[in-house]
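With chain A's structure known, arrange chain B on it following the hints.
2 protein chains.
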Amino acid sequence: MEINKAMQQELRAVAEEMADTARKVTLRYFRTRDLAIENKEREGFDPVTVADREAEQAMRAVLARRRPEDAIFGEEFGHSTGSSGLTWVLDPIDGTRAFISGAPSWGVLIGLEAGQGPVLGLIDQPFTGERFFGGFGQADWRRGTEKAPLNTRPCRRLEDAILMTTFPEVGTGEEEMSFNAVSARCKLTRFGLDCYAYALLALGQIDLVIEAGLNAYDVQGPIGVVEGAGGVVTDWQGNPAHNGGQIIAAGDAQAHAAALEILNR
Amino acid sequence: MEINKAMQQELRAVAEEMADTARKVTLRYFRTRDLAIENKEREGFDPVTVADREAEQAMRAVLARRRPEDAIFGEEFGHSTGSSGLTWVLDPIDGTRAFISGAPSWGVLIGLEAGQGPVLGLIDQPFTGERFFGGFGQADWRRGTEKAPLNTRPCRRLEDAILMTTFPEVGTGEEEMSFNAVSARCKLTRFGLDCYAYALLALGQIDLVIEAGLNAYDVQGPIGVVEGAGGVVTDWQGNPAHNGGQIIAAGDAQAHAAALEILNR
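Chains as they are written, first to last, in numbering that gives the first Met the number 0: chain A, 0 to 264; chain B, 0 to 264.
So that you can see chain A by itself, here it is in the shape it has in the complex:
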């Protein structure tokens, strides 16, 4: 699908409006006491907050008004069909565990899928006030009136790499072992930052993010941002990652290749 300049501007403006709206909703609930938390799954701990649902509803209302012809796939309310060939992929609060802990590493994720992965990605961190955008040949960081281009940094050797993931267990036992084999080669491994890790990668502050068990709505926003900033995102076999699963994101193609080789041993 070809998306001309005027259309690109319109689509970015829609993404920004959704992020503005979701920011207002989520901040109203962030760090309140006695936040109503339900358990989505009976086993394990997968909190869905009221904020999560309200934020997705608010984003869907923007789309209903401005882009009724587009499809939607949202974490909370699933699929809505469209006729334009474009699908908005929404995660109103990625990192709900961080959210309920008061930590500012959760984010609002927006991706725009045109058939073969996102053409636009946005990560918004409402509490720090930071927004990370990538798409249509642009990538930038904004915070209030501050603005800067987003560029990943060079990193040719794993020995120089800072690696991040969210949980030390990563995924299955086998996935954890593969992750640990990469981690053992890296300069530093850090845990717990959810989608904010992809933002730090796009900022050129870290070099690798490796995760497993992700959904499409967890990755489409981050893929748009990281690719826009010059990075590489694939699954652990080197294939497109926009449907989720095992994800490896790197700022430098050489670090990506070196880590991929270890993951596939």
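It is worth saying that the hints were derived from the structure and are not from the lab.
Note that the structure is predicted; figures quoted are calculated from it, not measured.
Nothing false has been slipped in among the hints.
A pair counts as met if it fits within one copy or between any two copies, since identical chains are not told apart.
BS3-like mimics (lysine-lysine), calculated; alpha carbons at most 30 Å apart, straight line:
1. Lys-23 / Lys-146
2. Lys-23 / Lys-186
3. Lys-146 / Lys-4
Same frame as chain A, now just chain B:
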């Protein structure tokens, strides 16, 4: 030592001025590219940044002007003697690994030791602009013009607790096992937040922080803040923790007792 009201106000004002100064210095270096990082220890990874040293120098300059009679113990420049019976305990950048990764979970820590633990503690997070203060019967959170009292939340059972620590390995193998025994009982365990975890505890967002291998300058600021907010901080045997080592901080004395019992099995 008795510290009267006027003196309390003066000491808080000095702590605030130090934090203001350290905030300016650290933000000048945060997220810059090619930050000069030295290795403090030949083995392992203990980065000391230029920012760390400059920030401590700036804080020491404030003390030299306003409180020349007080002693100082700083992470970077060690001990300086004094005659007042008060010791300022300074960690210019707690969480240097977070700092070099661009993550806003590091902090400037200030404690004021009067012989038996801190009478004042301050945690400053320059990037989010948050300051957490506890001491002299007060505890508050500030961010720009926003201000709120700091209060830990009730948590009687570990099954309801959110637990945080910085590294999954915690400390020695034995310490890791003890930590994991507590973690297995808790609702949620999160990693990677450095001193910001104590701030979240004081905010009443989480319930427990358990760490090991800490230094006095890592804990004095957090102890002041957490105790000021109504929490409890001890070592893993239930003794005073202001000299560092194994630390358990809890928002509720019942959760503290329950975790302590497991750590000592």
